[in-house]
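Chemist: Listed here are the chains, written in short residue letters.
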Amino acid sequence: MGVTCVCQVPVAEGKSVQQTVDMLHKKLEQLGAVKQGNFWVDCETYQATGNATGQPTKLLYVMHNSETPLSSMALFEGGPGLTADANFDVLMVKLKSHFQNAKGHKVESRGTRYRYCDFLVKIGTVAMSSSARGISVEVEYCACVIPGDCWNLMKEFMQSFLGSSTPELPAVFTSKAEGLYAPVDCMDTMSQYLELFGKVRKQQVLAGSGVR
Amino acid sequence: MSGGPAVRVSIESQCERQVQEVSLDGLETYVPPLSMSQNLAKLAQRIDFDQSSDSEQDGPERESREPWSKPEPEEDEGAVKFQPSLWPWDSVRNNLRGALTEMCVLHDVLSVLKEKKYMALDPVSQDPIQTPQVFQLISKKKSLATAAQLLLKGAEKLNKSLAENQEQRRQRDFNSELLRLRSQWKLRKVGDKILGDLSYRSAGSLFPHHGTFEVIKNTDLDLDKKVPDDYCPLSVQIPSDLEGSAYIKVSIQKQSPDIGDLGTVSLFRRQPKAKPGKTWHVKLEAAQNVLLCKEIFAQLSREAVQIKSQIPHIVVKNQIISQPFPGLQLSISLCHSTGEKRSQRASPEKSKPDDHLYVLEHNLHQLIREFHKQTLSSVVMPHPASAPFGHKRLRLAGPMAYDKAEISSLQQSEGLLEKIIKQAKHIFLRSRTARTIDTLASRIEDPQIQAHWSNINDVYESSVKVLITSQGYEQICKVLSFSVKRP
Numbered sequence: 001m002g003v004t005c006v007c008q009v010p011v012a013e014g015k016s017v018q019q020t021v022d023m024l025h026k027k028l029e030q031l032g033a034v035k036q037g038n039f040w041v042d043c044e045t046y047q048a049t050g051n052a053t054g055q056p057t058k059l060l061y062v063m064h065n066s067e068t069p070l071s072s073m074a075l076f077e078g079g080p081g082l083t084a085d086a087n088f089d090v091l092m093v094k095l096k097s098h099f100q101n102a103k104g105h106k107v108e109s110r111g112t113r114y115r116y117c118d119f120l121v122k123i124g125t126v127a128m129s130s131s132a133r134g135i136s137v138e139v140e141y142c143a144c145v146i147p148g149d150c151w152n153l154m155k156e157f158m159q160s161f162l163g164s165s166t167p168e169l170p171a172v173f174t175s176k177a178e179g180l181y182a183p184v185d186c187m188d189t190m191s192q193y194l195e196l197f198g199k200v201r202k203q204q205v206l207a208g209s210g211v212r
Numbered sequence: 001m002s003g004g005p006a007v008r009v010s011i012e013s014q015c016e017r018q019v020q021e022v023s024l025d026g027l028e029t030y031v032p033p034l035s036m037s038q039n040l041a042k043l044a045q046r047i048d049f050d051q052s053s054d055s056e057q058d059g060p061e062r063e064s065r066e067p068w069s070k071p072e073p074e075e076d077e078g079a080v081k082f083q084p085s086l087w088p089w090d091s092v093r094n095n096l097r098g099a100l101t102e103m104c105v106l107h108d109v110l111s112v113l114k115e116k117k118y119m120a121l122d123p124v125s126q127d128p129i130q131t132p133q134v135f136q137l138i139s140k141k142k143s144l145a146t147a148a149q150l151l152l153k154g155a156e157k158l159n160k161s162l163a164e165n166q167e168q169r170r171q172r173d174f175n176s177e178l179l180r181l182r183s184q185w186k187l188r189k190v191g192d193k194i195l196g197d198l199s200y201r202s203a204g205s206l207f208p209h210h211g212t213f214e215v216i217k218n219t220d221l222d223l224d225k226k227v228p229d230d231y232c233p234l235s236v237q238i239p240s241d242l243e244g245s246a247y248i249k250v251s252i253q254k255q256s257p258d259i260g261d262l263g264t265v266s267l268f269r270r271q272p273k274a275k276p277g278k279t280w281h282v283k284l285e286a287a288q289n290v291l292l293c294k295e296i297f298a299q300l301s302r303e304a305v306q307i308k309s310q311i312p313h314i315v316v317k318n319q320i321i322s323q324p325f326p327g328l329q330l331s332i333s334l335c336h337s338t339g340e341k342r343s344q345r346a347s348p349e350k351s352k353p354d355d356h357l358y359v360l361e362h363n364l365h366q367l368i369r370e371f372h373k374q375t376l377s378s379v380v381m382p383h384p385a386s387a388p389f390g391h392k393r394l395r396l397a398g399p400m401a402y403d404k405a406e407i408s409s410l411q412q413s414e415g416l417l418e419k420i421i422k423q424a425k426h427i428f429l430r431s432r433t434a435r436t437i438d439t440l441a442s443r444i445e446d447p448q449i450q451a452h453w454s455n456i457n458d459v460y461e462s463s464v465k466v467l468i469t470s471q472g473y474e475q476i477c478k479v480l481s482f483s484v485k486r487p
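Chains as they are written, first to last, in this note's numbering: chain A, 1 to 212; chain B, 1 to 487.
Think of the hints as simulated: they come from the structure by calculation, not from any bench. Be aware that one or more of the hints could be misleading.
Claimed, not checked - Simulated pairs of lysine-lysine, DSS-like, Cα-Cα distance not exceeding 25 angstroms:
#1 B/Lys254 / A/Lys35
#2 A/Lys27 / A/Lys106
#3 A/Lys35 / B/Lys308
#4 B/Lys373 / B/Lys294
#5 A/Lys94 / A/Lys58
#6 B/Lys425 / B/Lys254
Put together the whole structure using the sequences plus the hints.
Modeler: Below is the structure:
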């Protein structure tokens, strides 16, 4: 459990998603990272039914992470989040009348997991209905839980293999009431992933010119 | 007289008391009046007892002589006139006089008696009560007979109970033995047979052995002959594969094993005292021990085969050999002797020093019992209907978002064999460290090295404090504290 930063890496010019991913793998292996299995993160969308007309329907996102295999996280966009047991999915089935599963909107990111000393790098292919839409890179610094203390180190590390696609400090850390020096939560990771998935979804919408 | 104002007339009572003295300031002190008792005393003093009695007796005589002796009565009258004023006390006076007389007489008699010269006391003889002697004899006999009967009855009762106890102890009734057996072992009745369970299944073991023993009634007792001392009307029949006794031998040897020697460690180091007529208690305990050793060995061999490790473990017959360190061999063997074969006592093992590590054998027993407890632990039961089986803390894994490292730390991942190998490694490392420190300390004279080993150690960790001092220099002192940890 450490400070995580999730960012999206744009697909290289003239190359496919898979090739970009392979390039990143090679860079990491050159750096000296060791492959340590696979990971996956997925997100399901639930629409709240029965709210007043005129208001936009609230979307509930239920996410899972292979790092916390026994948990399910449920969050609203920009709103409160909840961490629960794996039985939460069964609960959502029971709440069918209040929350409808938007089956076509399931997004997931799968890939390999690399370990480089105290850093965990996860490079995944973001896929929506089994079509690859983008690349997600998650860098976790396991030795620290305060983003303010280790952000510079993480940025430097990311620069070494991401180059120009290094992200800025994620908004989740700055938007906290206590600021940068509050300890991280798994919710922060999930919010970042949610943001990324939202971006990926919108990208496709834009690219497909309105066709979902 | 009329007219004139009233004249006050003061009346003073006559002063009845005499004036005792007149003080200088004119104050008169009166003689205090006599109290009643004082008055009485004064009057009583005026009684003349002697004169009154004479005067009484002479009274009527004087009255008869009155005509011819007139001048005498005049004198006597004076004395007699004195008497009527004391009349109320007369009877008192008489009584007192009488009492005084009698007291004087008694006093005189007693004083005369005391001297014993003139008077003596003698008891009044009474007539003796004449009872016939025969009657006395008969009554005495009867009372003695009653007493004797009571005592005899009591003695008889005591004798009877004593005899009963002895008889019981000798014969040892089957039912009382069965009761004793039932108080310690689980029994159940199947048809007309009584079966028991000596396995650890109720304690949490998962070993598939049934562990059933049968209770048999011994009816071959010949009451005419003398009952043998170790006779027991109850005997148990244990499964044939649990007969004899067993133990797990754990040893560490330095040399590499000779392949031909494998599988020959089945000989007993300890001589089992095989009595032909073992009581059921000893038999059952031995059988249970054999079962436990078998379970331990089965678990160890299963793990040895399944778990992949860098240096594979060798499992041969009843021995497991593994190499915790290169050149070091750890052998765990199950020694089961049925008590019949005595011819194989001569073995090469005897010449070697006894390197059986009792500590590890004990630890093996402890570990398997812990493993049993885990299947039955209260940590697992009771649990909510929706939660999966497992450690209670695992239920928090979801809401607290435990990652894989935390989850695996909660779950048991190490097997029996791995634990024992780690413990053996630790024992070896510790002895080697101690030896090294000692050789260094004896070889190096300056600075001086002292090692203090801690008494409280873990199976996986020990700690030693090494003091390196230089004689004469108090400030120069380096303290090394290190612990031999598990790898």
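Chemist: Each of the hints needs a verdict: does it hold here or not?
Modeler: Hints, verified against the model:
1. Simply put, B/Lys254 and A/Lys35 have alpha-carbon atoms about 39 angstroms apart, too far for the 25 angstroms limit, and the pair is violated.
2. Taking the CA atoms of A/Lys27 and A/Lys106, the gap is about 30 angstroms. The hint is violated against a cut of 25 angstroms.
3. As the CA atoms of A/Lys35 and B/Lys308 are separated by approximately 21 angstroms, the hinted pair is consistent with the 25 angstroms bound.
4. Of the pairs offered as hints, the one joining B/Lys373 and B/Lys294 holds, with about 18 angstroms between alpha carbons and a cut-off of 25 angstroms not exceeded.
5. With a C-alpha separation of about 18 angstroms, the suggested pair A/Lys94 and A/Lys58 falls inside the 25 angstroms cut-off, and the hint holds.
6. The suggested pairing of B/Lys425 with B/Lys254 holds, with an alpha-carbon distance near 12 angstroms, which does not exceed 25 angstroms.
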